[in-house]
Amino acid sequence: MADSEHARDSSTQLTARDSRELLTRSWMKAQPSVFAFVIASTPQFSDAEDLLQEVAAEVAIRFDEYDPERPFLPWALWVAKIKIADFYRSQKRERLVFAGEAIDALAMACTRVQQLMSEEQGALEHCLKETTGRTRELLLLRYAEDLKPRQIAERLSMSAASVRVTLSRARSALGKCVDQRLGRKSS
Amino acid sequence: MDSREAMELVDAHLDGEELNEEQASALTEWIKQSPEQADDVFRRIFLHAYLRRSIQVAAIASTEHVSLEGSADHADNAPTDAAFKQRTQWGWWTWSVVIVAILGCAGLGLALSSQVVGSGPADPFVYEPFDYPGFDYQGFGFPEIPDSIPLGVWPSEGGTTGRDGGSGFAAPWQEEGHLVSVIESDPMAHPLGKVDLRQFSRLSYIDSQGAVLQTNGNQLRTSAGDYSSTTRTLNVEQAPANLRDGEQLGADGGTLWLSFLAQSYDGSGEHRYAFLELGSPKAGLHVGKLTSIPNGNWGIAGVVNGQEVNARSSDTSSGESVFVVVRLEFRPGMELATVWLNPNLGVEPSENTAFAQMQVPDLRFDRLTFTGRFSTDFDEIRLGQSYHDVAPVAAP
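Quick note, the sequences are listed as chains R and L, same order.
Residue numbers 12 to 198, in the working numbering, belong to the letters of the first sequence in order.
Residue numbers 633 to 1028, in the working numbering, belong to the letters of the second sequence in order.
Chain L on its own, in the form it takes in the complex (with noise of 0.2 Å):
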């Protein structure tokens, strides 16, 4: 037997042909014949594997893609299209994070942020990695594992007030709601409720390829209960030139990346809402999981004399940990945002791979408010002028 012929077998072994004992037994013989044949068999292998986790993560983004923006013009073309459709719920990355969801349900799990080294020049000029002391859950008298969320027992002072870590602020974090965000140092240990999907792990990002977004600290936690809005102005005269439109940022052809790590307590949608608030109610951009998404997933909208415009939704539940990366191209008139969700770390995503491109209303910001009435969880706040600097990848 050659290699092409022993690579053949392979491929039909892994193209699910049943091999006869003839051929299963020459295919054995030539693996153990030198290990210079066995790399060869298992590098045919990891070639598959390759392909498998590839091609359907970029199917899987092509699918998002195409089914929010509505578009029909792909109808004959099946395997982009609606072939694809089929498959939309277990990509490599879902099903890597589970298994990372699943070490850490066996008390072993993701703990991925005090010790992760930068890998590269990313520079974000904002940066929140919420490591401040986490909440005292005990000390508040909140029951170690309610049933469900409790109503009623959240605390109202205090939260994030006062904290002033992290870079590129120009004053610390504080708390307008009736109800206050908390520091959360330990989700596996806090669930607040026994269905709490946060329980698993950390927030945190491995994308397709197995990369690890570099985190750090612990993690912001909204109000389980109604509402908690945390806001911190932001070091504007520190922010790049092109950017500044006086006091606040927003510049007309300045484009500005934004990213964040976001978890809900669970998918729930109706009236549940978290998520972060640029801009201000007249002029503004929701990104989170919000009042005008019903079902409950991941999603964008334009705010207009505060009502939320233009939402788009995601296919993503809120329920489950995004990396959400956000372009902010500001223009004459109205911005163009572009968003994405668990986009590849290391490369600029594509257009093609965002889950939404819209207008959005003429806005300028000087502040990042999470408003929230579903405890949900927030991390990795990175504001940058290009996408490494919002996406680092941890060191190996």
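Isolated chain R (complex conformation) (with noise of 0.2 Å):
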């Protein structure tokens, strides 16, 4: 191989090399942003691991063309709400609940708050080792097994409202103790 070729190599094999950083970069810091905004459209857990999956992929495929000097994370959350899509008419779901302008506000939302995400992860770590008893059962039967409340409900042999209404106060709840330790007003 002459030099002049080998350089012109290298210097394209250094540019792939720095978009392949960029992206692993810019994913991993959106991923949980947009984790939360996959869910939103699609409660369902499972639904929305593999979602996220085909979002990661098309996020890849498409990262050509991603202009860098833009943000990140309203281009990733443009391509999770064509994945969105794309999956509600492969499965012929019900509607979706967050559509049209509230999934417009819902990623401008996103994007506001998302700096704001890695302090309140730190501070729900620690109010989330605070939750005792049945709190935390009825946290980890939704969470860690996904069983919906009717489902817990049979478990534990408690009423579906009381599931329901237990799981909200907790969620309440850790929002504001996460509002307290960033000394934040809870609104």
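Read the hints as simulated data drawn from the structure, not as lab findings.
In this text, all values refer to a predicted model and were calculated from it rather than measured experimentally.
No residue lacks a Cβ here, since even glycine has one placed at the ideal position from N, Cα and C.
Any given hint could turn out to be false.
[Said to hold, decoys possible] Residues on chain L that point at chain R, a partial pick, calculated with CB under 10 Å: (1) Glu661; (2) Lys664; (3) Val673; (4) Ala681; (5) Tyr682; (6) Gln770; (7) Phe772; (8) Ser836; (9) Arg876; (10) Glu980.
[What the hints assert, rightly or not] These stretches of chain R come out as covered by chain L in the derived footprint (C-beta under 8 Å, 3 or more residues): (11) 48–55; (12) 130–142; (13) 155–164; (14) 171–181.
[As the list claims (entries may be wrong)] Some chain R residues flagged as far from chain L (calculated, every beta-carbon gap over 10 Å): (15) Lys40; (16) Asp78; (17) Pro79; (18) Phe83; (19) Trp89; (20) Ala96; (21) Phe98; (22) Ala116; (23) Cys121; (24) Ser168; (25) Gln191; (26) Gly194.
With the hints as a guide, bring both chains together as one complex.
Now the structure itself:
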């Protein structure tokens, strides 16, 4: 190989390597927010997790189209919206709760609050450790086993309404705990 | 609608309940009313997503611990025992790795190694990133993408011999087997077979919170065939005084942390092995893909008179990339080894998330040896006095 060809190859390789690194770093940073966005439209965890993998693959395939001068997250959310729409078309699922303007508003919210999420995760980790008893049990059944409130109610001989209320209060309490740890006023 | 009602509707939706037209419209209108309200809804959704991945990971760790220790103490505790055993395959960290692997498969994958900068005062007293030039497969005449690992096509000399980078060593690497280990610079370009699971990304690790292990350089690849033994002597004199016992490491009362990344060609077991060896054949420790664990999963075993003893197998196939952390507590008599697979970075993992805690023979060591007869990659070898020393987080 001529020297000039070698130099050109090295240059191309470096660019590809930089591109890979940019994608990997951008995706890792955006991934928790994209996952939340996907869950908003696809509450079934197994579906959301499958869909997130499809979004990741699509992001990789389309990465040449991404303009590195612009923020990555909104672009990744745009890709996610396309994959969510495809998913609902292919699965012929029930209508989307968050669609149209609502999902656009959520995408904007996602972009706005992304910076807060890393500190919120740290606070949440502490707050989660403080949960005990029945609340913790319900959270474990809901999130580790992916049981719906009705199924949890059957498992624990509770009413479904009671499970729903307890879970909802637990989430609100976690939200307040996070706000307190971060010195914010609860909304 | 007030905030509480809106959050209850969000919760109902995320819990899989179908909202009626009126409820869905009301929620949509509420989200559109102000950016603050949209932010609150998104934060609630984010909380839901966080709880899923955080609690699922804790449950998986709990499951692995319980199954390995064989305890029946939690038989009545459904959420932490039997119920969790139903879900072990798709934890957050697992599919994070899968997703990164997908990126790699699309030709745009993981390249975390070369420009990562340390984010804290991690100070391992031994560190080997294998920052050496890669093995020239083409020049050696290795088939481009063979169907499976070709027999008898592997170098028997050269390898890592003479490589002397890293820190904390007293001598260069030395090859002592029939075959040699090589330096792998681009696993995506060098699958040793069509089902080589290493072809999707470089060795790397992202924890359940998205934190990335600091990595540098290339990686070590043990021989495809029988067998390679790649060894390097440590500079014990420069190791912390409380760990030194004469010319070896292992003074009673000392605690040593060790970590590395690893992934094998696939999860095959039986007589295939590739592991890190500490100590001697008389009294030592093996960590990796072990002869005494026929299912091919990652594991650990003590060594007494050349035989692996007290082997503990994890639930993780050696075809999966893992971040292995070992804490060795040197005590009078048997030592205590605690092992974690894929712990979160940043905070020292608790013992109840370890996959194994076991007594190992009274060992001392002054070298690291990678022995293998099945192609397996290792990287980012660190020895330190704290978890932080061996689990540094890459700068964002």
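Results of checking the hints against the structure:
1. A least Cβ separation of about 9 Å between Glu661 (chain L) and chain R falls short of the 10 Å threshold, and the interface hint therefore holds.
2. Interface restraint check: Lys664 (chain L) against chain R, minimum CB-CB distance 6 Å, threshold 10 Å, status holds.
3. The interface hint given for Val673 (chain L) holds, since its Cβ lies 7 Å from the closest Cβ of chain R, which is under the 10 Å cut-off.
4. At about 4 Å, the closest approach between the beta carbon of Ala681 (chain L) and any beta carbon in chain R falls short of 10 Å, and the interface hint on this residue holds.
5. This hint holds: Tyr682 (chain L) has a C-beta 6 Å from the nearest C-beta of chain R, less than the 10 Å allowed.
6. At about 13 Å, the closest approach between the beta carbon of Gln770 (chain L) and any beta carbon in chain R exceeds 10 Å, and the interface hint on this residue is violated.
7. Look at Phe772 (chain L): its Cβ only gets to about 19 Å from chain R, farther than 10 Å, so that hint breaks.
8. A cut of 10 Å between beta carbons decides the hint on Ser836 (chain L): the least distance to chain R is about 9 Å, and the hint holds.
9. Interface hint at Arg876 (chain L): violated, since its Cβ lies 37 Å from the closest Cβ of chain R, which is beyond the 10 Å cut-off.
10. The beta carbon of Glu980 (chain L) is not positioned within 10 Å of any beta carbon in chain R (closest approach about 14 Å), and the interface hint is therefore violated.
11. Chain L is given as covering the segment 48–55 of chain R, and this holds because 5 residues of the stretch bring a CB closer than 8 Å to a CB of that chain, at least three being needed.
12. Residues of the segment 130–142 of chain R lying with their CB closer than 8 Å to a CB of chain L number 5, which satisfies the three-residue condition for coverage.
13. Proximity of the segment 155–164 of chain R to chain L, defined as three or more residues with a beta carbon under 8 Å from a beta carbon of that chain, is established by the 5 residues found.
14. Restraint check on the segment 171–181 of chain R versus chain L: 3 residues with Cβ-Cβ distances below 8 Å, three needed, restraint holds.
15. Separation of Lys40 (chain R) from chain L is inadequate, the least Cβ-Cβ distance of about 7 Å not exceeding the 10 Å criterion.
16. With a closest Cβ-Cβ approach of about 16 Å to chain L, Asp78 (chain R) is found to remain outside the 10 Å limit, as its non-interface label requires.
17. With a least CB separation of 13 Å from chain L, Pro79 (chain R) remains clear of the 10 Å interface cut-off, as annotated.
18. The claim that Phe83 (chain R) is not at the interface with chain L holds, since no C-beta of that chain comes within 10 Å of its own (minimum 13 Å).
19. Consistency note on Trp89 (chain R): stated as away from chain L, and its beta-carbon is indeed over 10 Å from all of that chain's, at 16 Å minimum.
20. With a least CB separation of 17 Å from chain L, Ala96 (chain R) remains clear of the 10 Å interface cut-off, as annotated.
21. The claim that Phe98 (chain R) is not at the interface with chain L holds, since no C-beta of that chain comes within 10 Å of its own (minimum 16 Å).
22. The claim that Ala116 (chain R) lies off the interface is violated: its Cβ sits roughly 4 Å from the closest Cβ of chain L, which falls inside the 10 Å cut-off.
23. With a cut of 10 Å on Cβ distances, Cys121 (chain R) falls inside the contact zone with chain L, its closest approach being about 5 Å.
24. Interface exclusion of Ser168 (chain R) from chain L stands, the closest Cβ pair being 13 Å apart, more than 10 Å.
25. The beta carbon of Gln191 (chain R) is kept farther than 10 Å from every beta carbon of chain L, the shortest such distance being approximately 15 Å.
26. With a minimum CB-CB distance of about 16 Å to chain L, Gly194 (chain R) clears the 10 Å threshold, and the non-interface call stands.
Of the numbered hints given earlier, the model fails hints 6, 7, 9, 10, 15, 22, 23; all others are met.
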